[in-house]
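*Asks:* Spelled out, the chains give:
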Amino acid sequence: MSLDFIIAAIITVVGLTTPILLAGLGELVVEKSGVLNLGVEGMMLVGAISGFGVTVFTFNPWLGVLGAAAGGAAASMLFAVLVLQLNSNQVATGLALTIFGTGLSSLLGLSFTGRIIVPFLSVFPDWLAKDPVWRLFFGHSPIVYFAILMIPLTSWFLKSTRAGLILRAVGENDLSAHSIGYSVVGVRYAAIAFGGAMAGIGGCYFSMVITPMWAEKMTAGRGWIALALVVFAGWRTGRLLAGAYFFGILMALELYAKASGFSFLPSQFWAAMPYAMTVVALSFISSRGTAGANAPACLGKPFLPSS
Amino acid sequence: MSATSETARLQLTGITKRFPGVLANDHVGFSVRPGEIHALLGENGAGKSTLVKMIYGIMQPDEGEIRWNGQRITVANPKAARKLGIGMVFQHFSLFEAMTVLENIALGMDAKIPQRELEGRITAVMSQYGLKLEPQRIVSTLSVGERQRIEIVRALLLNPSLLIMDEPTSVLTPQEVEQLFVVLRKLAAEGCSILYISHKLHEIKALCDTATILRGGKLVDTCDPKVETSRSMAEKMIGGSLKDIQRGASRGFGAEKLKVQSLSLAADGPFGTALKDISFTVRAGEIFGIAGVAGNGQNALLLALSGEEPNLDHASVTVDGVQVGQMHARARRGQGVASVPEERNGHAAVPIFSLADNAILTARDRLGMVRAGLIDPKAARTYAGEVIEAFAVKATGPGAMAESLSGGNLQKYIMGREILQKPSVLVVSQPTWGVDAGAAAAIHQALVDLAATGSAIVVISQDLDELLSLCDTLAVINGGRLSKPMKVSEAKIDEIGLLMGGIHGEEPAHAH
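Residue numbers (my numbering), protein chains in the order written: chain A, -11 to 295; chain B, 2 to 513.
Be careful, since some hints might not be right.
[As the list claims (entries may be wrong)] Counterexamples of contact, computed for chain B against chain A with all Cβ distances above 10 Å: (1) G15; (2) G30; (3) S95; (4) L96; (5) F97; (6) A107; (7) K113; (8) L188; (9) V228; (10) D245; (11) A453; (12) L465; (13) S470.
[What the hints assert, rightly or not] Computed beta-carbon distance windows for the label pairs: (14) B/T124 to A/N48: 52 to 60 Å; (15) B/H93 to A/L116: 29 to 37 Å; (16) A/N75 to B/K84: 41 to 49 Å.
These are computed hints drawn from the structure, not numbers from a lab.
For every residue, glycine included, the Cβ atom is placed at its ideal position computed from N, Cα and C.
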């Protein structure tokens, strides 16, 4: 294998990883607050179309990314109102959000089909990325760097800030947090909005970077992989980064298998691998006993502060 | 100092709180002086919790006024209460299991304090009051007594001038109770008022200066517990005369009914307790009590005895001479084993099922409620009706949803459902947990009556008073091991307390 091939492979992996890393990180924060939002796929699609649309109208990809974040967050707020205010079932509502997001993005996307934007690629000067090895560091879309930067930031937020401590407390024991005097619903709104924004940015990576055009269902189920990733990572940010790149490699293998460059196993096998690995990781976590305690105790439960 | 001791620290006048269909507090008023330990006494549902929730700002009164050091105030939320200097230690700890002691305490603080400084202040408070805790421990690894200490430290860090303690001793060993009382007395001596909620009368007599008694949301009396007898306070509390357990004259034990031999069971999940080599026997007519602090294997033991967790060793459990170790719950029921788990809603009964349907769940085989795979609803309804009648369950009838019953009534129904099946062996866990004194007395009487008919009964309870008054034989479970059984008539509270704390025989060298 030549150096060029390895570099190309790495760049492919980075491209595949970034959306699930963003969406997974958002979902991790949401789940840490005790809410299970299965609507990641839907929010990614809404983000993809809003990012694309804003870029088409403003010709500014930075505004496009902001638009994607806003679109994802707006979609997540729909979920938040239903789940937090009306105490609807989180699993069903999350699934509904995915269906809704898929449909809404298709509808909004009708007028954008066939349009192409300038892909939101590296903002570094060209000479920096000329050398193939340098390209590894300076050849990516700003979204890639943003995703990687968000990992230590989120980790620091959850571990070392008071707001992060409160967020974890709300996910760990909502009734206690409420009785101490924290606003459980408020914290969860904020977490869900963050999760929506991150999923939105992850989604716009498809429409603004990978293929700078709109196509229906272009996120192709990556939202589900992001959900699996959170579980695979055991709700830890560091492991989420490692897990995202691991899943990215698996997805790259799937692509190469599809392109039949080399295929000692069918592409479907690689497509199923992230989910299979999540099951393996889950059984590994639960067999180790205490490590499983990292799952937020209130995950997916409605908050009913009646007593 | 003298100026503050003249005005009451806390004064409630005409406090009223309505919930749909219930008057939780009906013009309640009392006052607490600085440095006073004031008991708030009453049965479950008497309105104690509602009252303190209004003082702590979790709820707002519909009528009435709260005065704090003479000033009329509105406590908008717990944060406002803490700002005033009101601290509260909850009955059900508001702790976060997967977090450290330090994080838990930091969460209870309103001001943002750097971790280093907070640790220093925690250490200072702990040494001042002799409360021992390791700040970096994860809460899920701590004992109940230690968890309570976190709550107390959390409250004390705010320098409260009123500390509300909601049923603080319900989960503590007698020794831990003593240590708690030392802390509370020291606090009171420093001028902190304490509002102490309990229904344990001897504790109130030992600790409190004044007692306010509530019944059905109304103030019954404010009295001096040192002058009153436990009995007189209890009668004010329940509004009638107290019934003692009636026992038959001769209480000889019959043949061996339940034999448990070297029963072991792996822990269920990271927070479960494994059972280690448990052996005991219960004879016909005997009530065998198992004492212990929560989380020492009581749940696992109940599951192992009821058959929800069958054992690999078939000889580990024997009923009437038949080995049942590997049998599941249904097969064991066929052998005459009935059980009542601790959790009423969701384990002993399905909340959204009617009482008749709940009867089918455990009585279908023994009482023939299912024929050729089809439920006989008439039989179920008749049986549920019998239980309701025999145990004076307040319910609209066999068709009432289990969740519509109050805790005490549902517990009476569940106990009745098992007892009227005339089991050969009955295993019950926390039979009167959260049940008012009237219902508790009825349940105790029913257990004694069942034993008199020749059944063997195992009672697992955290309430030592209950076990001492109910049981013939007593053993203590600690860390999944069962102590040697002792006769209740010869048992010493101190010794039981030490066993509950996991100390076997020797002096508690560094009891904290």
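*Asks:* Against the structure shown, which of the earlier numbered hints fail to hold, in ascending order?
*Replies:* Hint check: 3, 4, 5, 6, 7, 15 and 16 fail, others pass.
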